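Read top to bottom, the protein sequences are chains E and F.
Here this note's numbering = 1-based position in the first sequence + 83.
Here this note's numbering = 1-based position in the second sequence + 628.
Because the hints were derived from the structure by calculation, they are not lab data.
Do not take every clue at face value.
[What the hints assert, rightly or not] Under 10 Å between C-beta atoms, here's a sample of chain F residues computed to sit facing chain E:
no., residue
1, Phe749
2, Val751
3, Asp770
4, Ser789
Quick caveat: nothing in here was measured; it's all calculated off a predicted structure.
Just so you know, even glycine gets a beta-carbon here, dropped at the ideal spot from N, CA and C.
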Amino acid sequence: MADRSETRGGGGRDRRSFLKYAGAGGAAAIAAGCKTRDRPGGSGFTTTPGGSGDEETSEGTPVPQPLEGNTIRIGSLAPQPDSFPIGKSIWDSMQMAVEDINQNGIPGIGGRGILGAKLEPLSGNTEASPGTAREEFNRLVQKEGCKATFGTFLTQCTLQIFNPMKATQTVHITTAATGPKPGRIVHERYDEFKWHFRAGPINSYDLAAAELEFLNIYADQLGWSDAAVLIENIAPFDPFAETLKPEVGNLFDSVPVFKRSSSGTINWTPLWDEVESADVDINLIGQALTGTAAVKQWANQSRDFEMGGIHVPSQVYEFWEEVSGACQYVFTMNAVTPQTENTERTQPFMKRYRDRFDTFPVYSGPITYDAVRAYAKAMGRYVLDNDMEEVPTNEAMVEALETYTFEDGIVLPSIQFTPPEADFAHEPQWTSMKDTGVPVWQQWQVDEEVTDDYGVMHSFAPEQNKTSDYTYPDWIDYPSDHPANQ
Amino acid sequence: MTSAANVIVTAISISSLYAIIAIGFTLIFGVGGVLNFSHGALITIGAEASYLLSNPTNLGLHPALGLVGGMVTAAVVGAILYLGVVQFVEDEPVTLLILTFIIGFFIQHACRVFITGTSDFSVDQVTPGETTIAGVTLFDIDIFIFVLAAVLIAATGVFVSRTKTGKAILAVSMSEKGAAVVGIDARKINLITWLLASAFAGIAGVLLTMKQTGAWSMGTQPLILAFSIVILGGLGSIKGSVVGAYIIGFTETITTSYISSSLQGFTALVLLIVLLLVKPEGLFGREAA
């Protein structure tokens, strides 16, 4: 195998920057929405806005196009990609990433497509059902000829495509599910299941670690002495609850309520009565399926406690309108918000997405956008480093994804997958919220400087991604020395 | 630990809602002898209509208009159901039971596909806010539900016992042939009953959405509850339905408040099984078999 310009491995391999082909056509061009250029002669590329499409490196040498003439199909495995926000964000963002790559080439390298190869996105609808996810994976790979797939929401869906992945030796990059089991399986049965990667979000153990880190830093500052914890009783939250339970008591004076709430809960009044009776300051929640009813009833009943944690519905831009603003003051972890600047590329992406789809993406959108571009860049660099003239095999793509770091992310500045020997292999490397800036802690707020007729998804932590201070429910009567009154 | 006052208030509110649902269910059984398994879907229809009318993402009308719209839409759908399907198979109970069951699922899935998808949805409350009485905080929506349910129950009682149409409903429920002898058009009476019962289901759907949230499948659990309630109270008995609603509502609230929230919907099923085995005729009515 040819020498790599940048490699990594367990504990950190040597890296050297990939200057040879990196030039003016990189991240800045993507961010700026600069010039567009038609490629003459029937290459199959079309002009799209969003980048330079540079065909020369910064040194003035032409970007090589050894894969010219190839078309590489990639598949999106999204739940209801036409309507469900998490699925729609996956599919929309994949299309944006493909258009960017076809027009502007690989981030940091330029050209058109992946060194001349055109990307073609195909949509699969998993309907958030494991069985359908497997069928759609097989259709995309075996019938449509997709070289890789991206997406899957719900870890059960991801796990259902593990055997087809193994049978067809196809790379799948998860971009919307948090369960840690896929990463564990890759570690334990690497030869069979090395095909699976996750570009994000961080897994549920890391999410719990992030919540503990957040509470450790912010609980006192925000005036939270006593807490209740209510985590939805669904499998993806098991690791989250397991990690939180022995630790959270150390961060508060008391945690009188620690419960797994039924995913079938419709009437929250008895639970809110219990939390309120326990006289806590903050109700830490983990909610994916029951979030709407819980928030609506919390706000309608003006409950005497603050609320937040992981609240999936609150990550959806339309949620404000759906609940008539009842989500104001609710906070949740998120990967990005329409306000945050995780990297210099975040806001340009968010604005372009908004302009095109008239909404903002959920976390699965930016992660998918990063995943597709990371995949493209890994392929491009592998081809260049090995002086290849053909599209790498999927086996080679596993090696490429393990090897190269993607430095042009919009959620994290760089994406580097954990090595096979990691307990959770092929996952995004994450150390801490403080170091990486994610997850961000988003709170629905009213901010007339941003918009006067809609809620704003501000981020109040961590510091590097903060866009506003935390705000307190206006129906709670706080003592004069409480941070709410400072 | 949740205070007893809170539990009682919650139980009264939810029981009142169950009573509205169960009265409609028992009316149709009492008059036409039909176990209407599409009753849950009519609850969903009411909720979905109010969502379309009063949610800010749709028409954004006042929630009161959503309540009226939900009631009217469910009543119209109920009438269409009777005129388009039920009246043709009224004498075939098994076919009818299966048809209402399937149509109920069809309506709910149509709501999922064409209106709200799989997500929960919400509408604003017609009476937001809270009131404190004797140190106990009451949510205004709960007071509204309790008062509205009381008015509807009383109005139904007066309508059935005092008006000509109401007496005709009673007559048909006792004997369709006897009613026909005195010139009562049983089909017309059945249609009125379906309109009334469906309107009740629609109102319940809107109130449930205002109090909690709505979903395309939201009618299923209330249908099972309604079934449990009318078995408990006695099939066809309005008085029994009200009493049954309060027994089920209180039992459920107490178990979910003091034992586990995961018991929501479970207690009613346990009671249903026990009652069918021990007292199938219910507290006030005819034998379920």
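- Item | Broken hints, by number | 4
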